[in-house]
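Trainee: These are the residues of each chain, in order.
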Amino acid sequence: MTDWADDSIDLGSPSAPTEDVLPAPKVIEKGDQIIKIFYKWRENETTNKKELVKVTRTFVQERVKTSKRVAARKTWKKFGLAADDGPGPQEATTMYGEEVMMRFIAADQTEEEAEEEDEQMNKFKRQFEYFNFFQGFGGATSTRPSATNMDIPSVSIKDATGGKYVPPRRGLAGGFTDEVPAIRVSNLSPAATQDDVQTLFAKFGKIARIHLGRDRRTNESRGFAFINFHHRDDAQRAIDTMNRYGYDNLILSVEWSENRKKENATEASKPDFLKRQR
Amino acid sequence: MKPTLLQGHERSLTQIKYNRDGDLLFSTSKDKSVSVWFIDNGERLGTFEGHQGSVWGVDPNWETTRLVTGGADFTVRIWDIETGKNVSIIDDKNGGLTTSAKSVKFSYCGNLVVFPSGAEMRTTPALNVYDIRQPATQGPIKRQEVPKSDYQDSTPVKTLWGYNDETIISGNDNGNLYIWDARGLQLLHKDTTSHDKIVNDMQLSKDKTMLITASKDKTAKLFDSVDLNPLKVYKSQVPVNSAMISPRANHVVIGGGQDAKDVTTTDSRDGKFEAKFFHLLMEQEFGSIKGHFGPINSLAFHPDGMSYCSGAEDGYIRVHKFDRDYLAYNDDVF
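Line by line, the protein sequences are chains A and B. Following UniProt numbering, the numbering of the first sequence begins with 1 at its first residue and continues without gaps. Following UniProt numbering, the numbering of the second sequence begins with 1 at its first residue and continues without gaps.
Hints are computed from structural coordinates only; laboratory data are not their basis. Every residue gets a Cβ at the ideal spot worked out from N, C-alpha and C, and that includes glycine. Check before you lean on any hint, since a few could be wrong.
Simulated pairs of lysine-lysine, DSS-like, Cα-Cα distance not exceeding 30 Å [unchecked claim]: (1) A:Lys74 <-> B:Lys2; (2) A:Lys74 <-> B:Lys85; (3) B:Lys32 <-> A:Lys65; (4) B:Lys321 <-> A:Lys65; (5) B:Lys17 <-> A:Lys65; (6) A:Lys74 <-> B:Lys17; (7) B:Lys235 <-> B:Lys197; (8) B:Lys321 <-> B:Lys235; (9) A:Lys54 <-> A:Lys26; (10) B:Lys321 <-> B:Lys32.
Partial selection, computed: residues in chain A whose CB lies under 8 Å from chain B [stated by the list, open to error]: (11) Phe38; (12) Pro89; (13) Gln90; (14) Tyr96; (15) Gly97; (16) Val100; (17) Tyr130.
Listed next, with one range per pair, are the computed distances between beta-carbon atoms [as the list claims (entries may be wrong)]: (18) A:Gln61 <-> B:Asp207: 33 to 39 Å; (19) A:Arg63 <-> B:Gln284: 51 to 57 Å; (20) B:Met121 <-> A:Ser67: 43 to 49 Å.
Throw the hints in and build the complete structure from the sequences for me.
Mentor: So, in structure tokens, the structure goes:
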């Protein structure tokens, strides 16, 4: 059987097809490569004539270090239905499938999500979940991180506010970032890094926080950023100056972001993971 | 990634399992056959011939010398892996097996085999423990009958050895989980709230501290294997046939699909026959790999966690070697 990967050369139809007389197959070893050449007859579908075809197959030998047990098993004789099979994978039982890709879910974040998202907060959320998980674990193993050898700052934050959860950047940690709403910069070049945005906007005043929207998986910039200035005037000046400003062949769009976070967060709007108690 | 397709079975796969070194893969099918494959190139090493009916479960021992299989022909068979010869048959002699064995499992030492027996022939469901060093005709060394009426009218369908081989965990056809003392086969604990429908698969994590169960009630659940303390729930839209815990990362993979008899009534393009990847702690689905034409019946992780196999209702085993995309994906916080 020829397959598309074989390098076959059509030798043309010989004048008098001499059946069963095929040139002898050759096996050439070239370093790690084994080249097998053999000849076969093929029926030409259009002319209905037999053609001699040269088929060249190139194999690359791989050397893999394994344990003695595994190496010994490789020399075992085949048995059962496979007893008559030759060495190597058989075409009848082993096939190579089409390329498949793992489909990642939520690989891209929307702008709304990114606005809500706080990297610190996200990390804290996950740490909280890990902490809870290993604490609730039956204790069959001592190699896992336990409550004692994990320092989680979040616990103290939780206690200080009487058990009520307060996001780390609000209340306890100064809280001025939320007084000035973020400005949204869109149509940024994907090549722009956080530092680029920093240098671009630093001249307007002190910046409290920059969030660059990134693809969660590839970590590439998605062309938008949120910037929190310490002072509202600085932010306003940045908007007035930088809106429709050309940067890296693109025209920036800078505006106030709608701050959809309500100050009086109620119990119902707490993140899911805080509601769940085992 | 380019999966390798292994096609040695004419009917749907029932279970696939790696040996401890991860160089061989064993597969069982409803077509009476048991196959073993070299996993690096997909070459078939052999088939184990002898079962007269569907084969439900397979397990190699620690050293990859002996294999145990359980079938619908009311036998549990022990095989020599190197030659493919059947070395002993556990059948109905001396209080042995009078029903099909839905799952089989070697203990870590490789001397003991546990399997459940059902209530098909109006027998009392039971857990059976055999010592394979003794002739099989001597009967089980331990046998615990599980009267249906005492256990919410259910029979055990899946059994495995728990943490340190000290316990035996059984999953029942109504979704209940039981944990038994392995020495005396006394009931230690039961969990009647775990699942609503039949337990299709149970697997332990690499360090055997966590148990994952897959159920027809469209969920997979994570338990502490020592006390069956429920830890996490992974939800799917379709019945879950198999679930496994990655030995490499905090990930869980589940596979399943509509029942074979329901497939024609649903849209074929929307079969949901993919393997779904969840974060173990966050219970969040983050990815999926498609490929099968039927529901995945069995999943197995390579011991190093760099590849996995799935066996499905369509009769194919697909061997997936993870590519950089997945291996580089890291969402852990510590």
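Trainee: With reference to the structure, classify each hint as holding or not holding.
Mentor: Hints, verified against the model:
Only pairs whose Cα atoms come within 30 Å are accepted, and Lys74 of chain A paired with Lys2 of chain B is accepted, the gap being roughly 23 Å. Taking the CA atoms of Lys74 of chain A and Lys85 of chain B, the gap is about 18 Å. The hint holds against a cut of 30 Å. A distance of roughly 35 Å separates the Cα atoms of Lys32 of chain B and Lys65 of chain A; the hinted pair therefore is violated under the 30 Å criterion. Annotation: proposed proximity of Lys321 of chain B to Lys65 of chain A holds, straight-line Cα distance about 18 Å (limit 30 Å).
At most 30 Å may separate the alpha-carbon atoms for a hinted pair to count; Lys17 of chain B and Lys65 of chain A meet this at roughly 23 Å. Using a Cα cut-off of 30 Å, the hinted pair Lys74 of chain A and Lys17 of chain B holds, with the two alpha carbons roughly 18 Å apart. At roughly 14 Å between alpha-carbon atoms, Lys235 of chain B and Lys197 of chain B fall within 30 Å of each other, so this suggested pair holds. Among the hinted pairs, Lys321 of chain B with Lys235 of chain B is consistent with the structure: their alpha-carbon atoms are about 25 Å apart, no more than 30 Å.
Our distance criterion of 30 Å between C-alpha atoms is met by Lys54 of chain A and Lys26 of chain A, whose separation comes to about 11 Å. At roughly 28 Å between alpha-carbon atoms, Lys321 of chain B and Lys32 of chain B fall within 30 Å of each other, so this suggested pair holds. With a least beta-carbon distance of about 21 Å to chain B, the hint placing Phe38 of chain A at the interface is violated under the 8 Å criterion. Hint status for Pro89 of chain A relative to chain B: holds, with the closest Cβ pair at about 4 Å, below 8 Å.
The beta carbon of Gln90 of chain A comes within 7 Å of a beta carbon in chain B, closer than 8 Å, and the hint placing it at the interface holds. Interface restraint check: Tyr96 of chain A against chain B, minimum CB-CB distance 6 Å, threshold 8 Å, status holds. Interface restraint check for Gly97 of chain A: the shortest CB-CB distance to chain B comes to about 4 Å, inside 8 Å, so the restraint holds. For the restraint placing Val100 of chain A at the interface with chain B, the shortest Cβ-Cβ distance is roughly 5 Å, inside the 8 Å limit, so the hint holds.
Proximity of Tyr130 of chain A to chain B holds as hinted, the smallest CB-CB distance being about 6 Å (cut-off 8 Å). Between Gln61 of chain A and Asp207 of chain B the beta carbons are some 37 Å apart, a value that agrees with the proposed interval 33 to 39 Å. Restraint check, Arg63 of chain A to Gln284 of chain B: a C-beta distance of roughly 41 Å breaks the suggested window 51 to 57 Å. Distance hint for Met121 of chain B and Ser67 of chain A: a CB-CB separation of about 45 Å, consistent with the stated range 43 to 49 Å.
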